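> Using the sequences and the accompanying hints, generate a full structural model.
If you want the building blocks of each chain, they are given just below.
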Amino acid sequence: MRDVAVVSYAQTPFVRSERARNEVEMLMPVIDEVVEKSGIERRKIGFTCSGSTDYLAGQSFSFVMAVDAVGAWPPICESHVEMDGAWALYEAWVKIQCGEVDSALVFSFGRSSMGETAETMTLQTDPYTLAPLGPDAISMAALQARAGLDRGLWSEREMAEVAVRSRRDALRNPEAQLKGEFDVDEILAEPYLVSPLRKHDCPPVSDGAAAAVIAAADVARQACEKPVWIRGIEHRLDSHQPGSRDLTLSPSTKAAGEAAGASSGRLDIAELHAPFSHQEIILKQALGLSDSVKINPSGGALAANPILTAGLARIGEASRQIVAGNGRRALAHATSGPCLQQNLVCILEGD
Amino acid sequence: MLAAKHAYPRRWPESTKRGTGPDKILPPPVADSSLLSQQGVVIMAEFPISFTLEYPYTRTLGPVIGPFLTALRDGRILGIRCGDRVLCPPMEFDPDTGETLRPDLVEVGPSGTVENWTWVAEPSRKHPFQEPFAFAQVKLDGADTTMTHAVKAVGQAAMSTGMRVRAQFREERTGSIGDVYFVPEDDARDQSIAPGEGEVEISTHLISLTYDDTLYPHAARYAQGLLDGKFIGQRISGDKIAIPGKGYDALARVMLTEADDVELATTGTVLSYTVLTPVKYRGQTETEPYLSATIILDGAGQSLTQQDIRNIPLDEFRVGMRLRAIFKPAAERRVDDVDNDWMYPSIGDVVERWEPTGEPDVALDELPESM
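Line by line, the protein sequences are chains H and A.
Throughout, my numbering is defined as the position within the first sequence, counted from one, plus 5.
Throughout, my numbering is defined as the position within the second sequence, counted from one, plus 14.
Keep in mind that the hints were calculated from the coordinates and are not lab data.
On a predicted model such as this, the values are computed, not experimentally measured, just so you know.
Idealized CB from N, CA, C, for every residue including glycine.
Some hints here could point you the wrong way.
[To be verified] Derived coverage of chain H by chain A (criterion: at least 3 residues anywhere in the stretch with Cβ under 8 Å from a Cβ of chain A; other residues may be distant):
hint, region
1, 21 to 30
2, 130 to 136
3, 236 to 249
Below is the structure:
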């Protein structure tokens, strides 16, 4: 295996609604910043991979348009996943492992605010037995939350505590969207949105873009003062039929974490992609994280959840924490599909 | 894969869908000094755009889902044997091992137990009910997995984990998952269902998503130009003019501003054309052959495609011919279909006709280059 490091990360501020700039205009400054920070010349980056979906943009081949932000003339070697940017980073990592390239630019973007995001997410479900019923993302998460409440695995208060802590931590993140001091009792007094979820248990609708540059050891060492090493990166999948799963568990997160080496050393920080409050509790349990691990110092997906960018942002935020010296070893997690169906775990380490 | 997927996206302005299309004129631009972009630039005019994107999917069903949906149409619910378990809804593969399952289908239900539920107080237009209802995971009697489906109950207080529910079948059944729903067992009524004819082998699923956006600032200036009877392009590298502009220069990889806007001439040259001969199909309104031309405006680096020509006889039309755009009267100009889509730029419905200028043709080897 080749040693590969995250050498730089950049993002837009995540906001409720981006209207003045198109996707390319959102991306261009982010790409400029991430490439400059990487210390690698833009033209020398061997591979580009993006994560996004046309369903967010409401236009076909929106990812082709986005390549304009990178500069595709003279031609570049480029790929795209209809997935979160965390999986684009995975593809780039594989490409470097194969020895085809030594460095890669990864980015993702989207404006969730334009469409009916919760309903768009139903398109991830089984098209024969589920999607026609319109099981939106919030209703699916609500089923998962209820399953744990019924079995006494977590309480509504514990869910509210996750939300309060996330939005408090987000106060220190200038790029987070939903932040502030909230009171657990006050938010528990609010009505249900889709029971047993209240508004605070759900992520905000967010627009934004993020980008990272990763590189093999020799390039990373030369270009960058503080490379953040990817010690392991794996992803696993649970059944697409929610009725065949125990929704209170996340075996795919557990398997991905084990394969990535989550337990092979002390973790200081975990950036978990948990769009709904109870999902953090499930992930923490699946990954066996002790209370000494600082969870989501960025505020996590409850503070900003740009669809298909929030996962890549977890990797970026975890690497920022290591660069800032707030920890030496971190876990970053990304999720996709209803009720944490597909999960990616990335173990990051400073020198 | 089980499915043969097949879908062509359809897209139209939301106004058209509401049936107000032909009469609708885009609302005048809203001048609002409170609209600030992130760079602090005041956006002087805003064109709201709303559109619906539809993907009508048609899928073949295969040996497991086909019989399952056929049975639903006929008022029965089937599960599939998987080892010593029964999965409902049935799957083609063992969810734990991925092994292909024999299509050994068994009837389950029609009653079952709610294992898990949520109350949807404000249903969306995509939901099976337009009044409050529950999504629930129902373990049908005889099955070992749950079906995620809708329960129609009087209120949230009527729902609880462990409650008994029974399947009810809709009057009109199409061989789809929506043919059935559940009610609390006490509310259930007996139904006699007449089986339908033949096997259900195809399912249709209409994906319909509505988007609300506003025209990007450069696109708004372009649209305003069309309403004013002008073609506004943007100057990009190589001293070329793109029409419409993208708001940025893709070759030089720099942002453009209003200062890069350029008004182009209304005259241009025919680069190519095709003759469309209408074939008869449902909804076809064309009867006579007509021309569709690619025209490059004088000074532009990029051509306008698919310009209908109906005022010039087919045998008089030629590449290199000089034309002038005659705009419609201001009150009749519409830019409803000018949007942010980068692949299919439109010039709206502002040009009445393209009229020969009478100038000599441009020689074929002197035709301007189009990007």
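> Now, for every hint given, state plainly whether the structure supports it.
Results for each hint:
no.	hint	in the structure
1	21 to 30	holds (count 7)
2	130 to 136	holds (count 6)
3	236 to 249	holds (count 5)
In this structure, none of the earlier numbered hints is contradicted; all agree with it.
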